[in-house]
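Novice: Those protein sequence lines, which keep their order, are chains B and S.
Residue numbers for the first sequence follow the working numbering, beginning at 1 and rising by one.
Residue numbers for the second sequence follow the working numbering, beginning at 1 and rising by one.
Since the hints were derived computationally from the structure, they do not count as laboratory data.
Note that the structure is predicted; figures quoted are calculated from it, not measured.
Among the clues, some could well be false.
Copies of one chain are not kept apart here, so a pair can be met inside one copy or by any two copies together.
Said to hold, decoys possible - Cross-link-like lysine-lysine pairs, in silico, PhoX-like; alpha carbons within 25 Å at most:
#1 K87 <-> K97
#2 K165 <-> K82
#3 K16 <-> K119
#4 K119 <-> K275
#5 K5 <-> K182
#6 K304 <-> K332
#7 K16 <-> K393
#8 K172 <-> K262
#9 K362 <-> K378
Protein chains: 2
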Amino acid sequence: MFWTKVFIPTLKETPKEADSLSHQLLLRAGFVRMLMAGAYTYLPLGLRVLEKIQAIIRQEMNACGASELLLPALHPLDLWQKTGRDKDLGEVMLRLKDRRGRNLVLGPTHEEIITDLVKNNISSYRQLPLILYQIQTKFRDEIRPRFGLIRACEFIMKDAYSFDKDEAGLDKNYSLIFEAYKKIFLRCGLKTLITEADSGIMGGKVSHEFMAPAALGEDVVCVCPECLQASAAGSDLCPKCNSKADKVNTIEVGHIFKLGLKYSQALGANFSDIKGNLSPIVMGCYGIGVSRLISAVIEQNNDKDGIIFPKEIAPFEVIVLPLDVTNNEIMKEALDMYNQLNAEGFSTLIDDRDERAGVKFKDADLIGVPLSIVIGKKNIEEKKVELRVRKTKETFILSKGEALKSVVDLV
Amino acid sequence: MFWTKVFIPTLKETPKEADSLSHQLLLRAGFVRMLMAGAYTYLPLGLRVLEKIQAIIRQEMNACGASELLLPALHPLDLWQKTGRDKDLGEVMLRLKDRRGRNLVLGPTHEEIITDLVKNNISSYRQLPLILYQIQTKFRDEIRPRFGLIRACEFIMKDAYSFDKDEAGLDKNYSLIFEAYKKIFLRCGLKTLITEADSGIMGGKVSHEFMAPAALGEDVVCVCPECLQASAAGSDLCPKCNSKADKVNTIEVGHIFKLGLKYSQALGANFSDIKGNLSPIVMGCYGIGVSRLISAVIEQNNDKDGIIFPKEIAPFEVIVLPLDVTNNEIMKEALDMYNQLNAEGFSTLIDDRDERAGVKFKDADLIGVPLSIVIGKKNIEEKKVELRVRKTKETFILSKGEALKSVVDLV
């Protein structure tokens, strides 16, 4: 794509509202803009990253045999009253009335809604097991929205739900999704620590959190320097080997729960077994903070010049930098390279702005595209281009063929 | 995918709530479920159709040089007060307060929000022209939600906005998107009539509507039987040739507007020209009712047995029907065919339920997959399969190789 058409409003100055490194970089690199505290616009580059993360999540969830659906954001309050969670969530839940006086809430999560759906559409053991998921906007009236996408009032979550006949079935699905989560975070280039966690208002007995280490993180995880066991804060001694554990600040990016019967009993989601006896469906739920994940990745992958995107979720894989767009020869070579990269299937950006070389280098570093191909006057005279690696700052003077081959090898 | 894992709760009976043919079919075929009046869950098959429509829209919008972003659903009321549209929209706009007492609205559309974004990020003629779009959930407190996805309170829209230096630029972008809309509806298999329309509360002088003929449609379009000119209702005589026009019921699926300066002036979105003079940006806006489009397509493409999906937006291109899943030989052949179709890149469903042949044929017709490949005992003894064409009900007894070749030819 062409820089001049994509809308990438990079900033030289750091906006006042930026209260964390990742937020600062998201704003400066033109990935997001704040509409009001807690509500963000995803600009084209931010949306591209979001979509790449979502594609990874979909692949790994589908590989678990899960099916995607999409539940409404507007819910009737009465479903929440049946589980009592309208009280548990309290002021976090945004409430409104429509013109007919219906009491509505904006979904902060969807356990009640999906359980009601399954109650009305599943009746037999023959329809189980089942895993359903969605990628959907959630709304929470946070008392203190901050750190940009990390604690927002409107944010994107992937929430999955498993439905089983019995505990053994739940255990199996829980393990399956547990492993899928490890793959998802690994593919996103995110380091995580996994801890057993408290289930809180979600209910159920067993839950695990996936925590991304980051200086600004508000959740503390203890990590044993001896055996590398991670555990929830409070346990200062390693529960496995009793050594003194280190405290690490983290951001919660995933949380999975064995819910058991809490929702199916409260909402009457039963199935009949082979003998015709009715039992409540055994449920699990599995969340990933999708929009927050972008910030967590940036917290872990940056340097003084900007973001260093892992290649699987970078907004583009390669950027072509013609250093002088008024020079026909340079533009011809740059467009040629751009077309070849696209033809090879690489997502490619070309910086076609009439800007100085310094501006282009700075912006390419800032937005974190893994590879740049620089087309300048001196090199093309020798039929060469320059390949730059964002992460290591290495540069290579190569023929066009060698440069293409290097992109194939590196991406 | 396997039917038993996808969650396709087809219904034999028509639910009471179904107040139109398309809604009835969407419910019976397991594409959507109502959570409450005006709010629907997209089940996996419904979501697949939605995503195919969205992919077509993205391709055609990107081909116009448009960039995708994503604006928030929660808006501060004060931006709407600046244009006075909080009053224009009145009770249609869902309003709420957060815990800090901020006055918020749920976005019924996004002109104010995108104009504010552009105002804060565009300052020079060098950044224009620009086309931005999003596919986003909108909220409208309809006085009478009905016909399922056709008039919902929570629905999905594609809204695009063009930003230009002058009227000539607007005219160019307007024509570009006008042509893109024709392609989008054609690819979705939807017949539309195009009329000049009233701009209403959107503002601006010129607007065109894309209207899909359907018996339940609430908007009447006049079509001249002589010259085929379509025009807005009221004009009973054809404005082109003066013949008496026929009245056709239609559903509005697209609406495009030359907004001009209404929003840029009200919100102060200016650009500086080459001499440094400030002028308001000239805007256009371009909507498609994405979720409603599914219903419109179904209204136009069905028979007594169910939906007949156009191939580009069908939830699956092919369905494999093993008529007896307890027969190992049948299942082996069916899975073999299923794997080959997937390997060839066709989106394929296999009905692996332990159900009678009649149930499988009925459901395959109901959900509207264009082609079925039937694996039954008699045919496989002769190394044959049966190919069924949903639209024409034609059947062909073919070798497996011939069946695969026919799928390639027909899809």
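Novice: Each hint: holds or not?
Specialist: Cross-check of the supplied hints:
{"no.": "1", "hint": "K87 <-> K97", "verdict": "both (17 Å within a copy, 18 Å between copies)"}
{"no.": "2", "hint": "K165 <-> K82", "verdict": "within (23 Å within a copy, 55 Å between copies)"}
{"no.": "3", "hint": "K16 <-> K119", "verdict": "between (49 Å within a copy, 18 Å between copies)"}
{"no.": "4", "hint": "K119 <-> K275", "verdict": "within (19 Å within a copy, 66 Å between copies)"}
{"no.": "5", "hint": "K5 <-> K182", "verdict": "between (37 Å within a copy, 23 Å between copies)"}
{"no.": "6", "hint": "K304 <-> K332", "verdict": "neither (33 Å within a copy, 58 Å between copies)"}
{"no.": "7", "hint": "K16 <-> K393", "verdict": "neither (29 Å within a copy, 65 Å between copies)"}
{"no.": "8", "hint": "K172 <-> K262", "verdict": "within (19 Å within a copy, 58 Å between copies)"}
{"no.": "9", "hint": "K362 <-> K378", "verdict": "within (20 Å within a copy, 69 Å between copies)"}
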